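Colleague: Here is what each chain is made of, one letter per residue.
Protein chains: 2
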Amino acid sequence: MAIADLFGSASLPWLNIGGRESDVVLSSRIRLARNFRGIPFPNRADFTQLAKVQEMASSVLPEMEHAVGQSFDVVDMDRTSPLEREVLIEKRLITRNFLRSPQHRVVFISQGRHVSVMVNEEDHLRIQCMVNGLDLDNPLSMASGIDDLVESQLDVAFDEKMGYLTSCPTNLGTGLRASVLLHLPGLVYTRNINNIINISQQLGLSVRALYGEDDQEWQGDIFQISNQLTLGFSEEEIVGNLKSAAKEIVSHERRARKALELYRKDQLEDSVWRAYGILCHARSLSEKEVLDLLSKVRLGVDMGFIGEACAACFSEILIGSRTSYLQNLAGSDNMSGSELDRMRAEAVRKILSVHRVE
Amino acid sequence: MAIADLFGSASLPWLNIGGRESDVVLSSRIRLARNFRGIPFPNRADFTQLAKVQEMASSVLPEMEHAVGQSFDVVDMDRTSPLEREVLIEKRLITRNFLRSPQHRVVFISQGRHVSVMVNEEDHLRIQCMVNGLDLDNPLSMASGIDDLVESQLDVAFDEKMGYLTSCPTNLGTGLRASVLLHLPGLVYTRNINNIINISQQLGLSVRALYGEDDQEWQGDIFQISNQLTLGFSEEEIVGNLKSAAKEIVSHERRARKALELYRKDQLEDSVWRAYGILCHARSLSEKEVLDLLSKVRLGVDMGFIGEACAACFSEILIGSRTSYLQNLAGSDNMSGSELDRMRAEAVRKILSVHRVE
Numbered sequence: 001m002a003i004a005d006l007f008g009s010a011s012l013p014w015l016n017i018g019g020r021e022s023d024v025v026l027s028s029r030i031r032l033a034r035n036f037r038g039i040p041f042p043n044r045a046d047f048t049q050l051a052k053v054q055e056m057a058s059s060v061l062p063e064m065e066h067a068v069g070q071s072f073d074v075v076d077m078d079r080t081s082p083l084e085r086e087v088l089i090e091k092r093l094i095t096r097n098f099l100r101s102p103q104h105r106v107v108f109i110s111q112g113r114h115v116s117v118m119v120n121e122e123d124h125l126r127i128q129c130m131v132n133g134l135d136l137d138n139p140l141s142m143a144s145g146i147d148d149l150v151e152s153q154l155d156v157a158f159d160e161k162m163g164y165l166t167s168c169p170t171n172l173g174t175g176l177r178a179s180v181l182l183h184l185p186g187l188v189y190t191r192n193i194n195n196i197i198n199i200s201q202q203l204g205l206s207v208r209a210l211y212g213e214d215d216q217e218w219q220g221d222i223f224q225i226s227n228q229l230t231l232g233f234s235e236e237e238i239v240g241n242l243k244s245a246a247k248e249i250v251s252h253e254r255r256a257r258k259a260l261e262l263y264r265k266d267q268l269e270d271s272v273w274r275a276y277g278i279l280c281h282a283r284s285l286s287e288k289e290v291l292d293l294l295s296k297v298r299l300g301v302d303m304g305f306i307g308e309a310c311a312a313c314f315s316e317i318l319i320g321s322r323t324s325y326l327q328n329l330a331g332s333d334n335m336s337g338s339e340l341d342r343m344r345a346e347a348v349r350k351i352l353s354v355h356r357v358e
Numbered sequence: 001m002a003i004a005d006l007f008g009s010a011s012l013p014w015l016n017i018g019g020r021e022s023d024v025v026l027s028s029r030i031r032l033a034r035n036f037r038g039i040p041f042p043n044r045a046d047f048t049q050l051a052k053v054q055e056m057a058s059s060v061l062p063e064m065e066h067a068v069g070q071s072f073d074v075v076d077m078d079r080t081s082p083l084e085r086e087v088l089i090e091k092r093l094i095t096r097n098f099l100r101s102p103q104h105r106v107v108f109i110s111q112g113r114h115v116s117v118m119v120n121e122e123d124h125l126r127i128q129c130m131v132n133g134l135d136l137d138n139p140l141s142m143a144s145g146i147d148d149l150v151e152s153q154l155d156v157a158f159d160e161k162m163g164y165l166t167s168c169p170t171n172l173g174t175g176l177r178a179s180v181l182l183h184l185p186g187l188v189y190t191r192n193i194n195n196i197i198n199i200s201q202q203l204g205l206s207v208r209a210l211y212g213e214d215d216q217e218w219q220g221d222i223f224q225i226s227n228q229l230t231l232g233f234s235e236e237e238i239v240g241n242l243k244s245a246a247k248e249i250v251s252h253e254r255r256a257r258k259a260l261e262l263y264r265k266d267q268l269e270d271s272v273w274r275a276y277g278i279l280c281h282a283r284s285l286s287e288k289e290v291l292d293l294l295s296k297v298r299l300g301v302d303m304g305f306i307g308e309a310c311a312a313c314f315s316e317i318l319i320g321s322r323t324s325y326l327q328n329l330a331g332s333d334n335m336s337g338s339e340l341d342r343m344r345a346e347a348v349r350k351i352l353s354v355h356r357v358e
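In order, the protein sequence lines correspond to chains S and U. This note's numbering puts the first residue of the first sequence at 1, with every later residue one more than the last. This note's numbering puts the first residue of the second sequence at 1, with every later residue one more than the last.
Just so you know, these hints were derived from the structure itself, not from any lab. Keep in mind it's a predicted model, so treat the numbers as computed, not measured. Check before you lean on any hint, since a few could be wrong.
The list treats identical chains as one, so a pair stands whether inside a single copy or across any two.
Each computed DMTMM-like pair below joins lysine to aspartate or glutamate, with the alpha-carbon atoms no more than 20 Å apart [claimed, not checked]:
id: 1; residue 1: K350; residue 2: D266
id: 2; residue 1: K161; residue 2: D5
id: 3; residue 1: K247; residue 2: D266
id: 4; residue 1: K288; residue 2: D159
id: 5; residue 1: K52; residue 2: E346
id: 6; residue 1: K265; residue 2: E339
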């Protein structure tokens with residue numbers, strides 16, 4: 001994938017349908033936080049120190065590429081437009097934190113977009129590995145491989161008692177954050193989602209809606225579940241804990257869908273196809289409406305109401321319908337809401353026209 | 001067209017898009033009421049007298065066929081199932097009046113379905129001629145041709161002062177009822193339709209919604225305008241009066257559409273395409289919803305938002321989505337509402353799949 005595709009293409013391989021439990025689990029992610037000994041954390045470091053970190057990280061880049069088996073694009077925030085940065089956030093390849101000040105903020109992104117290493121985010125290094133479906137082991141082993149490589153060449157801050165030292169105490173210890181993206185329309189529709197959120201929190205997990213978090217409107221019915229604790233547990237324990245919680249939620253979601261199929265099959269099938277018809281033909285679509293319709297269509301695919309063909313469009317529409325993506329495509333953040341909605345509908349139609357189902 | 005198509009096909013040539021002012025006027029119709037001298041009107045006639053009327057009418061059928069240049073199907077109500085009769089009503093080839101008692105009620109229907117002659121409806125003969133678009137002259141000349149032929153061979157009740165004698169006094173004189181079907185979504189949307197109805201009534205015209213009349217919900221935005229008076233005017237005056245009223249309404253409707261295009265083009269285009277998307281994909285559709293969606297799509301065709309291709313489907317969906325048509329197709333009037341709605345959605349999808357537009 002060319003570097004231009006990072007901003008210009010809506011495709012994101014690890015969000016495509018695939019992997020284990022892919023009827024419910026969209027993707028899994030491992031993130032490791034690491035810092036170099038003797039250099040202040042990025043928020044306290046001066047430009048010379050940030051430059052030093054950037055230099056150190058860059059020095060191990062060839063080995064990273066070798067370990068992952070892919071070349072990496074190096075994206076310098078200082079040479080990236082604000083609109084392009086928003087696209088990277090939307091694609092979850094960088095965080096908003098990363099943009100506080102762009103100097104010496106660099107991200108290494110693998111060609112397959114499965115690996116992103118942020119340099120000088122909250123910590124010196126944030127190593128992220130993403131895959132489709134429910135699979136925390138492979139991204140953990142990939143992230144650990146990159147980490148081993150870094151530690152073999154550079155002096156990483158580690159304390160026998162505290163583990164890896166991190167800028168924020170919530171990351172102390174393993175420096176590990178594991179997360180899973182789940183599509184839970186069944187639990188939302190049957191109003192069981194709040195129970196799931198409450199129970200997960202009691203288990204030390206954090207659950208949040210990927211879109212529309214603020215207003216308690218769960219746009220798109222997509223939720224991220226991640227571990228809250230990093231200290232006092234081994235990496236295996238953290239990952240194992242999250243994995244079994246995710247599996248539990250998956251089985252609750254499947255039960256909810258079975259119940260819907262039993263009692264509301266006709267209405268459900270009708271609403272799935274109407275959603276598809278509107279996505280295929282509307283001339284104006286808001287961000288929120290796309291997510292609502294897309295959730296229905298994805299549910300329809302997973303429940304077998306609608307052809308697999310349009311499953312391929314899911315991730316592309318998810319990214320390609322976002323305002324930030326459209327603004328970057330148009331090279332302007334001055335478009336009116338109705339211009340954006342028109343452009344969004346056009347983008348969605350274009351994606352769906354490739355994989356039309358009947 | 002085979003006689004089986006009368007009940008099994010939703011196609012109705014004179015409702016297809018075509019003719020003059022076809023962006024607003026769906027079709028035009030002339031109906032003549034005639035009675036034979038010396039035989040009581042059908043509601044007072046005994047079976048022997050009704051049989052005599054049927055025999056007289058049948059005797060001129062070959063000449064009618066010759067005059068119209070098409071063979072006629074002869075449909076005997078006594079040998080027609082209740083479900084089939086409903087289809088003929090839906091297609092406007094017979095009236096509900098015609099069904100009060102089926103004995104000796106026969107209708108002659110031309111192959112092109114433009115001419116229907118009811119024998120023993122309220123009057124001995126009801127000669128109907130229908131064409132696409134705004135054109136009362138051709139159907140009038142066709143109906144008059146048939147009438148001339150009848151009068152040349154049979155003794156028709158005519159009074160020098162009263163004109164043609166008819167069962168109901170409202171048809172006395174010319175026995176002529178002229179009517180036009182108009183699609184008026186612009187006037188409905190801009191809330192000018194009530195003015196049009198009131199003014200038309202003051203001009204001696206009757207305006208009624210074709211569907212959903214009772215509850216003042218004008219389903220499908222289709223209206224029929226016809227003359228109320230038959231006595232004291234010549235045929236030419238009646239037809240001329242209706243024609244100029246129709247032209248006036250057409251220009252009001254066009255102005256309303258222009259205003260919509262000026263102020264609401266984007267919303268309108270979006271709603272037209274959404275309607276099309278839902279018609280193409282929904283798995284359940286009520287009669288009312290089909291009419292609402294179909295009205296939007298037809299408006300979109302006439303305003304150039306959507307390809308002509310799906311214009312061809314308009315009349316077929318209009319008939320093919322009706323409950324009576326579906327019940328006859330299924331051979332049952334015992335289907336539940338949801339079964340019917342599912343069957344209706346399937347029928348609409350099938351019709352649209354032939355003429356898909358993007």
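Colleague: Against this structure, judge whether each hint is valid.
Modeller: Verification of the hints:
With identical chains, the CA atoms of K350 and D266 are at most 20 Å apart between copies only, with a shortest distance of 19 Å across copies and 29 Å within one. Neither within a single protomer nor between protomers do K161 and D5 lie at most 20 Å apart by alpha-carbon distance, with minima of 44 Å and 87 Å respectively. In the homo-oligomer, the alpha carbons of K247 and D266 never lie at most 20 Å apart, since the shortest distance is 28 Å inside one protomer and 45 Å across protomers. Proximity of K288 and D159 under a CA criterion of 20 Å is satisfied in neither setting, with 46 Å inside one chain copy and 72 Å between copies.
Proximity of K52 to E346 under the C-alpha cut-off of 20 Å is found in neither arrangement, the shortest distances being 45 Å within a copy and 67 Å between copies. For the identical chains of this complex, K265 and E339 are inter-copy neighbours only, at 13 Å across copies versus 37 Å inside a copy, given an alpha-carbon limit of 20 Å.
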